[in-house]
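Engineer: Chains A and B, in that order, are what the protein sequence lines are. Read in order, the letters of the first sequence are residues 1 to 343 in the UniProt record's numbering. Read in order, the letters of the second sequence are residues 1 to 461 in the UniProt record's numbering.
One thing to keep in mind: the hints can contain errors.
Calculated cross-link-like contacts (lysine-lysine; reagent style DSS-like; alpha-carbon spacing at most 27 Å) [claimed, not checked]:
| id | chain 1 | residue 1 | chain 2 | residue 2 |
| --- | --- | --- | --- | --- |
| 1 | A | K78 | B | K422 |
| 2 | A | K134 | A | K322 |
| 3 | B | K422 | A | K300 |
| 4 | A | K80 | A | K232 |
| 5 | A | K80 | A | K53 |
| 6 | B | K422 | A | K224 |
| 7 | A | K53 | B | K398 |
| 8 | A | K173 | A | K134 |
| 9 | A | K97 | A | K332 |
| 10 | A | K53 | B | K422 |
| 11 | A | K80 | A | K94 |
| 12 | A | K97 | B | K327 |
| 13 | A | K232 | A | K78 |
| 14 | B | K327 | A | K78 |
| 15 | A | K286 | A | K340 |
| 16 | A | K286 | A | K243 |
| 17 | A | K94 | A | K232 |
| 18 | B | K422 | A | K80 |
| 19 | B | K422 | A | K134 |
| 20 | A | K80 | B | K327 |
| 21 | A | K322 | B | K422 |
| 22 | A | K94 | B | K327 |
| 23 | A | K232 | B | K327 |
| 24 | A | K232 | A | K286 |
| 25 | A | K322 | A | K340 |
| 26 | A | K53 | B | K327 |
It is worth saying that the hints were derived from the structure and are not from the lab. Predicted model, so just to flag it, every value in this text is computed and none were measured.
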Amino acid sequence: MKNAKSLFVLASSLFSAASFAADTPSTLDEVQSRGYMNCVIGNSFPGFYSLNKEGEWQGMDIDMCRGVSAAVFGDVNKVKFLPVQWAQSFTSIKSGKGDMLSKGMTWTLSRDTQQGLDFLDTYFYDGQGFMVRKDLGVSSVYELEGATVCVLTGTSSELNIADFSRANNLDLKTVVFDDSSVRNTAFFNDNCDALTNDKSGLAAQRSGAQNPDDYIVLPETISKEALSFAVKQNDSEWSNVVKWTFAAMVAAEEYGITSENVEEMRAQSNSPIVRRLLGVEGDLNKGLGLPKDWAYQVIKQVGNYGEVYERNVGENSILGLKREGTLNALWKEGGMMYAKSYR
Amino acid sequence: MEKIHSDTERDDYKPLKKFVASPARPPKRETHGVIGTIRKRFFNSIGNSLLTCIALAVLFYLGKWIVNWAVIDAVFVADTRRQCFDTSPDGACWAGVISWFNGLIYGRFPVQEQWRVNLGVVIGIVWLLPLLSKRIPLRGAILLSWVALFPFVGAYLFLGGRFGQELGLFHGIMTCAAFGYLLLIYLNLIKALIGSKTIAVAGLHLLFVPFLEKRLSRRVVAISSMLVWGGLSAIAALFLSSFDLPLVPIERWGGLFLTFIIAGFSITMAIPVGVILALGRRSKLRVIHWLSLGVIEIVRSVPLITVLFMAVTLLPIFMPSDVEFNKLSQVLVAVCIFAGAYMAENIRGGLQAIPKGQFEAATTLGFGYWQTMFLIVLPQALRMMIPNIMTSFISLLKDTTLVSIIGLFDIMLMARNIANDKDWVGMHTEPLVLIAILFFVLCFSMSQYSLNLEKRIKVDR
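Let's have the full structure, built from the sequences with the hints guiding it.
Structural biologist: Below is the structure:
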């Protein structure tokens, strides 16, 4: 029955394919009329998107999508996650199969300009680092001359390490792997001197070792990996929704609103900014085309940026990352998390 | 004898001694018995003795290491991998696999709905149970009804949803019909157990046959049994409509359950698709011949993973964006065509082994093409092809793990996710070992079943 139905839809849409390109409605309208949004993620990336044993998605990217769902529908669960291969990420957004791409993707110029995407904002600043065994006696990447390095093939890490090795005459020898578990096992069995990956991932991999204390992560960061979410190019209405949802999380942290006290803040706060943000006064929602309490729902159901960070990548999470003093701290504390003005 | 005796009678005649065979001497001591065999086979020269010793030592250390790792040093109860390491650093950490066990079996199926998967599997097995007894006639009809109707029951239980809404009308009707048929089979069984000697199961015409066939024409029998089936289906419909199963979208299917769905579907479809393609390839009609040849050769010359990628990545690009195919149905179609192409060549091999006389005899008897094929040639060909067909099935079952690469959460992908769980970070080995054991059990029992089938068919001949 279902097949027959989809065949019918297929046939009818082939007829309308000619008029298809002429008038594309905004993704926001589409999402609202569909009743749920599609969020493109990958198969598994600890801390950012992975399954727990109940089969529920969790991670920072997941919370970004849930936030947008809360803003649009007032319900974090109106989002479908599409785990896709790397090669499919761009096409799935371009073809309209996915409404939002949030899969720990690094914002680069070529991706921003050649793939039909608009990157909107960075929710996690990362960079490539190295992990070595302690007994190697190395304390800096520049002492790794001639070392063999385990790396995942086809990733930007592989390209970065080649650039870095050439620029600094380090003569690093890469040992490439297809699968991160094989790569980690090889490293822990001393098949290479160092392991390279994004620093957030290194912490998790270190904690998977039998004796994590035998390994250290070297202090240098050799690349910029700004993990950002993206949407289809040239859809400002939808971009605004996604961009400002994230900004609301950051702003909430800045103004001390958390998922626990948001109720109280909405009822009692005198701060005009907080009142505007939570939809008590003003009409900030109008331009976005969202309900008045959109930011309230985001904060209530997902939390502010700090809460999202701690839950997924913070010190008590799988990655165990300290936030203080990193680029991911609020701008007031010397980081890069800076929400634009809610006015 | 008499005559010879009288001719040759002489005085010096002595009757021949009756020949008594002396008892066979036992073989040399060193060549029989347990010790003898061992000596003869394993220690018959210095070189071989050395080899035996080395092999024994290797086996011993390997076995000891495996047993130590998997059983003696293993940790079965722990909350995190770190605790496992603290208790026993060199053993397996089965606690992680145990805590993820449901995930490995059911994938992302919601925990409170997992009973539906179990129920579906139980119904499927119960349906096939009558096949085990040789006294039950028309077992083929039961198998056919399973192939044709059980998928609807499965889809209803696994997918859920209400009749007429998420569940299409056709699907709803078929589900009720399927339940009705299952009732029909078992009512017959019960009737046969308590009543008449002949067990009459399956088929459409069975429930009333013993009472009616002498008095009424076949058509009336058929119609009345259809009515009984319809009545039972209506009862099933009444029963089912009182339930409200929550919808479980296909994205949430996974684990071993999904592996079974893909493998089961493609195994069931491989034979019909294979038969069609094989007959097509042998057809004298040019168009059909070249079409079948093209499909077979093209599909067989690309790896399965390529076919899967094509189905999942390329197909949606050609489709308008508002057409939503779910990944599972794309994969099922791809795997079916793939398995069918291989099966076609297996079956063609079987067809070629049938002597020409069989065809000619069939023609002489006035059989047409389809009758010749389905009544005479294919039954013989398929019988000969059992080992090959089973080999294809086994490799198909193992191939289904490739769907993890395109992001279906089958048992492999679920296993990989364990290593990304906060509590079990970095745990890769144990889940893979478990999967290896599981697949060995599955594949080995499939090959044993095929051996059993071969023996049974030979006996019947």
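Engineer: It remains to establish, for every hint, whether it holds in the given structure.
Structural biologist: Evaluation of the provided hints:
1. Pair hint A:K78 plus B:K422 holds up; C-alpha atoms about 26 Å apart against a cutoff of 27 Å.
2. Distance restraint check for A:K134 and A:K322: the Cα-Cα separation of roughly 21 Å lies within the 27 Å cut-off, and the hinted pair is therefore satisfied.
3. Between B:K422 and A:K300 the alpha-carbon distance is near 25 Å, which keeps this suggested pair within the 27 Å criterion.
4. Between A:K80 and A:K232 the CA atoms are separated by roughly 17 Å; this keeps the pair inside 27 Å, and the hint holds.
5. Between the alpha carbons of A:K80 and A:K53 the distance comes to roughly 18 Å, so the proposed pair stays at or under 27 Å and holds.
6. This hinted pair checks out: B:K422 and A:K224 have alpha carbons roughly 26 Å apart, not beyond 27 Å.
7. Between A:K53 and B:K398, the direct Cα distance comes to roughly 24 Å. Compliance with the 27 Å bound is thereby established for this hinted pair.
8. Restraint check for A:K173 and A:K134: the C-alpha separation of about 20 Å stays at or below 27 Å, so the hint holds.
9. Annotation: proposed proximity of A:K97 to A:K332 is violated, straight-line Cα distance about 38 Å (limit 27 Å).
10. Simply put, A:K53 and B:K422 have alpha-carbon atoms about 10 Å apart, close enough for the 27 Å limit, and the pair holds.
11. Between A:K80 and A:K94 the CA atoms are separated by roughly 17 Å; this keeps the pair inside 27 Å, and the hint holds.
12. Taken as a hint, the A:K97 and B:K327 pair is honoured in the structure, with Cα atoms around 12 Å apart against an allowance of 27 Å.
13. Proposed proximity of A:K232 and A:K78 is supported: the alpha carbons are some 20 Å apart, at most 27 Å.
14. In summary, the hint linking B:K327 to A:K78 is supported, as the alpha carbons are separated by about 20 Å, within the 27 Å threshold.
15. For the hint pairing A:K286 with A:K340, the CA-to-CA distance comes to about 17 Å; that is within 27 Å, so the pair holds.
16. Among the hinted pairs, A:K286 with A:K243 is consistent with the structure: their alpha-carbon atoms are about 15 Å apart, no more than 27 Å.
17. Straight-line distance between C-alpha atoms of A:K94 and A:K232 comes to about 6 Å, which keeps the hinted pair within the 27 Å bound.
18. The suggested pairing of B:K422 with A:K80 holds, with an alpha-carbon distance near 23 Å, which does not exceed 27 Å.
19. The straight-line distance between the Cα atoms of B:K422 and A:K134 is roughly 24 Å, inside the 27 Å bound, and the hint therefore holds.
20. For the hint pairing A:K80 with B:K327, the CA-to-CA distance comes to about 14 Å; that is within 27 Å, so the pair holds.
21. A hinted pair counts as satisfied when its Cα atoms are at most 27 Å apart, and A:K322 with B:K422 qualifies at roughly 16 Å.
22. A distance of roughly 18 Å separates the Cα atoms of A:K94 and B:K327; the hinted pair therefore holds under the 27 Å criterion.
23. About 22 Å separates the Cα atoms of A:K232 and B:K327, which keeps this hinted pair within 27 Å; it holds.
24. Simply put, A:K232 and A:K286 have alpha-carbon atoms about 22 Å apart, close enough for the 27 Å limit, and the pair holds.
25. Simply put, A:K322 and A:K340 have alpha-carbon atoms about 25 Å apart, close enough for the 27 Å limit, and the pair holds.
26. Distance restraint check for A:K53 and B:K327: the Cα-Cα separation of roughly 22 Å lies within the 27 Å cut-off, and the hinted pair is therefore satisfied.
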